[in-house]
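Input sequences plus hints: build the corresponding full structure.
One-letter residues, chain by chain:
There are 2 protein chains.
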Amino acid sequence: MTRDQAKPLLNYISNHVNLSDSEEDELIAIINYRKYLKGQYLVQQGDICKHSSFIISGCARTFFVDDKGQEHTIMFAIEDWWTSDIGSLITQSPADYNVQCIEDTEVIQFPYDIQEALYLKIPKLERLFRKMLERAFVASQKRIVRSFSLTAKEQYIHFKKQYPKIEQRIPQYMVASYLGITKEFLSKIKSQLATE
Amino acid sequence: MTRDQAKPLLNYISNHVNLSDSEEDELIAIINYRKYLKGQYLVQQGDICKHSSFIISGCARTFFVDDKGQEHTIMFAIEDWWTSDIGSLITQSPADYNVQCIEDTEVIQFPYDIQEALYLKIPKLERLFRKMLERAFVASQKRIVRSFSLTAKEQYIHFKKQYPKIEQRIPQYMVASYLGITKEFLSKIKSQLATE
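Residue numbers (UniProt numbering), protein chains in the order written: chain G, 1 to 196; chain F, 1 to 196.
Bear in mind the hints are in silico, worked out from the structure with no lab data behind them. Any given hint could turn out to be false.
Same chains, same names: a pair is fine if it fits in one copy or spans any two.
[Claimed, not checked] Straight-line Cα separation of at most 25 Å, DSS-like style, residue types lysine-lysine; simulated pairs:
# : residue 1 : residue 2
1 : K68       : K7
2 : K188      : K165
3 : K183      : K50
4 : K7        : K153
5 : K142      : K153
6 : K124      : K188
7 : K7        : K183
8 : K142      : K160
Just so you know, these numbers come straight off a predicted model, no measurement behind them.
Below is the structure:
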């Protein structure tokens, strides 16, 4: 891919670690640009996840479908976020989750098979991913805490704060599924909030 | 601390990355051995977390107390596990969680203020922590999924599998609080399972 296409990723990286020009060139040589259409999958439940994807534009949803056919939304990702099924990626076993594009989505992909070699070559990238994982882990623990301690209404208010630009972009049933409530209950919460 | 005291940690590390003798010596020079008594805290909600702790013996529980005074259990940690409030550690802001010893507990502590310098000196340790974080993040996401898709009974069965050696060591109310149910409901589940 071209340096120009990689610009959003290089900007993102430069907020966390400083790569030299030659390190940037090495990186650009191994990452790939890919455009997915709305409805297409970056990862499908049951497949083996082969990439970490950095989103340049668009929006993707991570969800899984349980034995009863029920969808559960794990997370959303938009511009400047990463997405993948990390469990599948690090064990190279079938993915638990689907990552599906809610909009046409442009990504930069890191192929997993060269990721460990890349870390050895450019340790600053291992630093970047270590730091990203720290934050992702903290956010994930906080979500567990919220599910314990907040009401559905409080969780919805938090969701709006956490994803301020996303709510207009996604169907309401996905927001409900992220909160672990029904679409009807979400409507009720929203009309309650509107009258407060 | 002595090489002998560090043995459990060095064994653990050798399962993931290979340190040279001199790298092990550098590590030993900066980590600390500490014994906590049952009931003492490794981290207290509101304090700034200063260490990552590797447990040599004993058992610690991570929990938080919400505005209503209700305790919520996030995780347990026993021999060969790590514990800390990572959110507090990486931002050096007040901890959201308590980490309290359920038994007398021996730990090896990595001081946070030298952790980044340590990674620069021994990149293999950054690799170790990156890999640990990947697994911790995956486990945390799976817990969110279980809370969505499994009944309390199924979650309890999973808990027994995940923590096979812990259940006998901790009070039942902590297990209930980990599962997000009441002590009474847990008793009911257990007597149901006993008759199956």
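Going through the hints against the structure:
1. K68 <-> K7: Classified as neither; 43 Å inside a copy, 48 Å across copies.
2. K188 <-> K165: The answer is within: 22 Å in one copy meets 25 Å, while 44 Å across copies does not.
3. K183 <-> K50: neither (33 Å within a copy, 43 Å between copies)
4. K7 <-> K153: neither (39 Å within a copy, 49 Å between copies)
5. K142 <-> K153: both (17 Å within a copy, 24 Å between copies)
6. K124 <-> K188: Neither: 48 Å inside a copy, 52 Å across copies.
7. K7 <-> K183: neither (39 Å within a copy, 54 Å between copies)
8. K142 <-> K160: For K142 and K160, the Cα distance is within 25 Å both inside one copy (15 Å) and across copies (23 Å).
When the structure is compared with the earlier hints, violations turn up for hints 1, 3, 4, 6 and 7 and for no others.
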